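Protein chains in written order, with our numbering: chain F, 3 to 297; chain H, -19 to 373.
Because the hints were derived from the structure by calculation, they are not lab data.
Owing to the predicted nature of the structure, the values given are computational and were not obtained by experimental measurement.
Check the hints yourself; a few may be wrong.
To be verified - Covered stretches of chain H, as calculated for chain F (at least 3 residues, CB under 8 Å):
(1) 19 to 26
(2) 161 to 175
(3) 181 to 190
(4) 211 to 219
(5) 348 to 360
Unchecked claim - Pairs of lysine-lysine residues, derived as DSS-like cross-links and limited to a Cα-Cα distance of at most 27 Å, are as follows:
(6) F:262 to F:222
(7) H:287 to H:192
(8) H:175 to H:149
(9) H:232 to H:317
(10) F:276 to H:175
(11) H:345 to H:47
(12) H:345 to H:149
(13) F:167 to F:238
(14) H:149 to H:-14
(15) F:238 to H:287
(16) H:332 to H:345
(17) F:222 to F:167
(18) H:167 to H:149
(19) H:232 to H:320
(20) F:167 to F:295
(21) F:276 to H:149
(22) H:232 to H:287
(23) F:88 to H:193
(24) H:320 to F:238
(25) F:167 to H:345
(26) F:238 to H:317
(27) H:47 to H:287
(28) H:193 to H:167
(29) F:276 to H:345
(30) H:287 to H:317
(31) F:238 to H:175
(32) H:192 to F:88
(33) H:167 to F:276
(34) H:175 to F:88
We put the beta carbon where it would ideally sit given N, CA and C, even for glycine.
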Amino acid sequence: MERILTFHDLQSGMADLGYMASDDLAVSIHLALTLGRPLLLEGAAGVGKTEVARVLAEMHDTELVRLQCYEGLDAAQAIYEWNYQKQLLSIRASAEEGTTGQAAEERIFSRDYLLERPLLAAITKDKAPILLIDEVDRADEEFEAYLLEILSEFQITIPELGTVKAQHPPIVILTCNGTRDLSDALRRRCLYSYVNYPDPQMELAILNARHPDLNAHLAKQIIGFVQNLREEELEKVPGIAEMLDFAAALSGLGIADLSKDPEQVQRALIALLKTQSDQAAITTEVTQRIAGKAA
Amino acid sequence: MSRVTKFAAQDAGPAARVAGFMAHLRANGLRLGAAETSVALHALTAMNAYSPDECRNALRPICTGCKEDVDQYDDLFDAYWMDMGRVRTRAVPKLQTKGNNDVHSSRDASGEAGGSAGNATTPDGGDGEAESDGEGKLIATEVRNLSRKDLRDLVRSEEIAEAERVARKLGEALRDCRSRRRIAATKGDRLHFRKIMRRSLATGGEPLQLLKKRRPDRTRNIVTLCDVSGSMSVYAQVFLAFIAGLMRADQKADAYLFHTRLVRITETLRDKDAMRAIGRMSLMADGFGGGSKIGACLDRFATTYAKRFVDGRSVVVIMSDGYDTDQPHVISDALQKLGKRGCRIIWMNPLKGWRDFAPVTAGMKAALPHLDLFTSANTLSDLAALEGELTRL
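The task is simple: from the sequences and hints, build the whole structure.
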């Protein structure tokens, strides 16, 4: 892994891989890397939180270990589990061989019988991976408690085996989008950064990076349109991914100017508006008004 | 002239100044400990500490922990480091021996006498309607009562203890079996393999004892929204005691006050000393006993806090009389939005206890279709009696 000296290097390194980070975010990531602390990213859906982890993994040329959280996620699915079937068979076999209980117990509680789940996998890798704990607020509060040991000490305690300590501590990125309030204990262990929707210049840079062949006039219009659309009262505010889809949809439909073909533009809106009531609220007239403002 | 604050020579170096900054943030309600100070110093060594903007960005991820913190961080940073070249005499503040901001004596409560506009049964006299007609009609007013009222005058500590008991009972009534995680239990619906394997070692790998696990009961989260506008001030006593009790009984409960604005009081009420919590709350409830904007406040709740704290496992309790200065459709829109989060909505209207009460106010009428339960509640015993109804929800 090459040594990154200042956050400007990091910023341009990420930009080369197609991720435009604001100064604010770049400094947070830079500190997380230099201080070796987990980074908690919070923000609305679709502002590119998960993407940070992907880009970092690519940049450091290392593996991305991803743990997607959901309600009901527990230690057995996130950290480790014993392979019960294999253990059972082994006990049977040892009974037939006539080995002692002590030896059998030592064998079935060894690493061979352990099923690694993402968190344990992340700390046993030979090269420090990027560990992405995605949407941590979807998991229950009890699950946060499991994370505490891993996040502060980079170790996992397995009662039967002892403590497994990371030889190469992973770079941990946690994301959340405010489904529920996270506990203070978890927040304290992380650096925190709130990721906002990008400003127009930044968003234009993102669009240019992803769709370099788009004509400059249309790109500007799209950004102006999406930025203004976010000001409207919507249930689901479109994120960056939606904006990129919208741009792809427009070029797919062969539209060169947003104010030219209202019908087609309206059709392309399905890439931006994801609920029925939002689609009903943004009528053709509203679209044209916003497009007019953007131009 | 540089905008950067100058420090007096008696202060020992940058470490003391950063410690002073941490103390400054702490005094402004951010929760930071000594560990953060040390991380902050490390962070600054990793950055170009001569550039104020880089320092600002570097300290942000360390000193903030949620969006509210981020919102006030820039101002706090400016106040400390960018004080227009003013000299700060002592970066590390002296230990406070007396005069803690969180403790108030009723002796130094001020400006309270003038604010009696919202007292007893008369609404405040914004337009004089209540004084002139003799029908005792309650009206909502748009005037924000700017004088501060001390809520501790309304609530006594023994009431809080009583309310805590009631709140605990209500919490139990709302128990709901919805957890997806399974824990060991004698009567369960699934086998608990981990335990079975452990036990089977004793019998040579033969699983003789089949242990079970099941889904445990989960309590619902209670979110309370209490109207403290002028027309409600006579009932506020009961409700505030109830909320204070609830927050102490249930660690997950969430509470808000509203009049013309919506204020989150959850953090404040978590204070160990119940009366001090109420005291801190009165500072926040600036405008208490004034006009009411129920619709706007509910809408604000539905679009902001509800997205974070309300889900299918929540019960939202609104305590209000429904006298609103907004258009009635604002209330119904807000409640509809809130309902989409999958929560149960209970409206407690103190006026419902009156004889011949009918929900004739436009606001209340608009709200009714969206409610799961519409009840009266004037006293703590009324609230206790709700237990049966809540079980049925």
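Here is how each hint holds up against the structure:
1. Only residues whose C-beta sits within less than 8 Å of a C-beta in chain F count toward coverage, and the segment 19 to 26 of chain H has 4 of them, enough to reach three; the restraint holds.
2. Residue count for the segment 161 to 175 of chain H with a Cβ under 8 Å from a Cβ of chain F: 3. That meets the three needed, and the coverage hint holds.
3. Coverage of a stretch by a chain is defined here by at least three residues with a beta carbon nearer than 8 Å to that chain's beta carbons; for the segment 181 to 190 of chain H and chain F the count is 4, and the condition holds.
4. Counting residues of the segment 211 to 219 of chain H whose beta-carbon sits less than 8 Å from any beta-carbon of chain F gives 0, not enough to reach three: the coverage restraint is violated.
5. Look at the segment 348 to 360 of chain H against chain F: 0 of its residues bring a Cβ nearer than 8 Å to a Cβ of that chain, fewer than three, so the hint is violated.
6. For the hint linking residue 262 of chain F to residue 222 of chain F, the alpha-carbon distance of about 15 Å falls within 27 Å, and the restraint holds.
7. Of the pairs offered as hints, the one joining residue 287 of chain H and residue 192 of chain H is violated, with about 36 Å between alpha carbons and a cut-off of 27 Å exceeded.
8. Restraint check for residue 175 of chain H and residue 149 of chain H: the C-alpha separation of about 34 Å exceeds 27 Å, so the hint is violated.
9. A C-alpha spacing of about 22 Å is found between residue 232 of chain H and residue 317 of chain H, which places the hinted pair at or below 27 Å, so the restraint holds.
10. Note on residue 276 of chain F and residue 175 of chain H: the hinted pairing is violated, with a Cα-Cα distance of about 46 Å set against a maximum of 27 Å.
11. Pair hint residue 345 of chain H plus residue 47 of chain H does not hold up; C-alpha atoms about 36 Å apart against a cutoff of 27 Å.
12. A C-alpha spacing of about 30 Å is found between residue 345 of chain H and residue 149 of chain H, which places the hinted pair above 27 Å, so the restraint is violated.
13. For the proposed pair residue 167 of chain F and residue 238 of chain F, the alpha carbon gap of about 42 Å is over 27 Å, so the pair is violated.
14. For the proposed pair residue 149 of chain H and residue -14 of chain H, the alpha carbon gap of about 57 Å is over 27 Å, so the pair is violated.
15. Straight-line distance between C-alpha atoms of residue 238 of chain F and residue 287 of chain H comes to about 12 Å, which keeps the hinted pair within the 27 Å bound.
16. Restraint check for residue 332 of chain H and residue 345 of chain H: the C-alpha separation of about 13 Å stays at or below 27 Å, so the hint holds.
17. Of the pairs offered as hints, the one joining residue 222 of chain F and residue 167 of chain F is violated, with about 50 Å between alpha carbons and a cut-off of 27 Å exceeded.
18. Of the pairs offered as hints, the one joining residue 167 of chain H and residue 149 of chain H holds, with about 26 Å between alpha carbons and a cut-off of 27 Å not exceeded.
19. Pair hint residue 232 of chain H plus residue 320 of chain H holds up; C-alpha atoms about 21 Å apart against a cutoff of 27 Å.
20. For a cut-off of 27 Å, the pair hint linking residue 167 of chain F to residue 295 of chain F is broken: about 57 Å separates their Cα positions.
21. Using a Cα cut-off of 27 Å, the hinted pair residue 276 of chain F and residue 149 of chain H is violated, with the two alpha carbons roughly 42 Å apart.
22. For the given pair, residue 232 of chain H sits about 16 Å from residue 287 of chain H by alpha-carbon distance, which is consistent with the 27 Å threshold.
23. Restraint check for residue 88 of chain F and residue 193 of chain H: the C-alpha separation of about 22 Å stays at or below 27 Å, so the hint holds.
24. In summary, the hint linking residue 320 of chain H to residue 238 of chain F is supported, as the alpha carbons are separated by about 13 Å, within the 27 Å threshold.
25. Distance hint between residue 167 of chain F and residue 345 of chain H is unfulfilled; the C-alpha atoms sit about 62 Å from each other, more than 27 Å.
26. Of the supplied pair hints, the one linking residue 238 of chain F and residue 317 of chain H holds, its CA atoms being roughly 13 Å apart against a limit of 27 Å.
27. Using a Cα cut-off of 27 Å, the hinted pair residue 47 of chain H and residue 287 of chain H holds, with the two alpha carbons roughly 13 Å apart.
28. As the CA atoms of residue 193 of chain H and residue 167 of chain H are separated by approximately 7 Å, the hinted pair is consistent with the 27 Å bound.
29. As the CA atoms of residue 276 of chain F and residue 345 of chain H are separated by approximately 32 Å, the hinted pair breaks the 27 Å bound.
30. For the suggested pair residue 287 of chain H and residue 317 of chain H, the alpha carbons sit about 10 Å apart, so the restraint of at most 27 Å is met.
31. Simply put, residue 238 of chain F and residue 175 of chain H have alpha-carbon atoms about 45 Å apart, too far for the 27 Å limit, and the pair is violated.
32. With a C-alpha separation of about 21 Å, the suggested pairing of residue 192 of chain H with residue 88 of chain F holds against the 27 Å cut-off.
33. A threshold of 27 Å between alpha carbons decides the hint, and for residue 167 of chain H with residue 276 of chain F the separation of about 44 Å lies outside it, so the pair is violated.
34. For the hint pairing residue 175 of chain H with residue 88 of chain F, the CA-to-CA distance comes to about 15 Å; that is within 27 Å, so the pair holds.
Checked against the numbered hints above, the structure violates hints 4, 5, 7, 8, 10, 11, 12, 13, 14, 17, 20, 21, 25, 29, 31 and 33; every other hint is satisfied.
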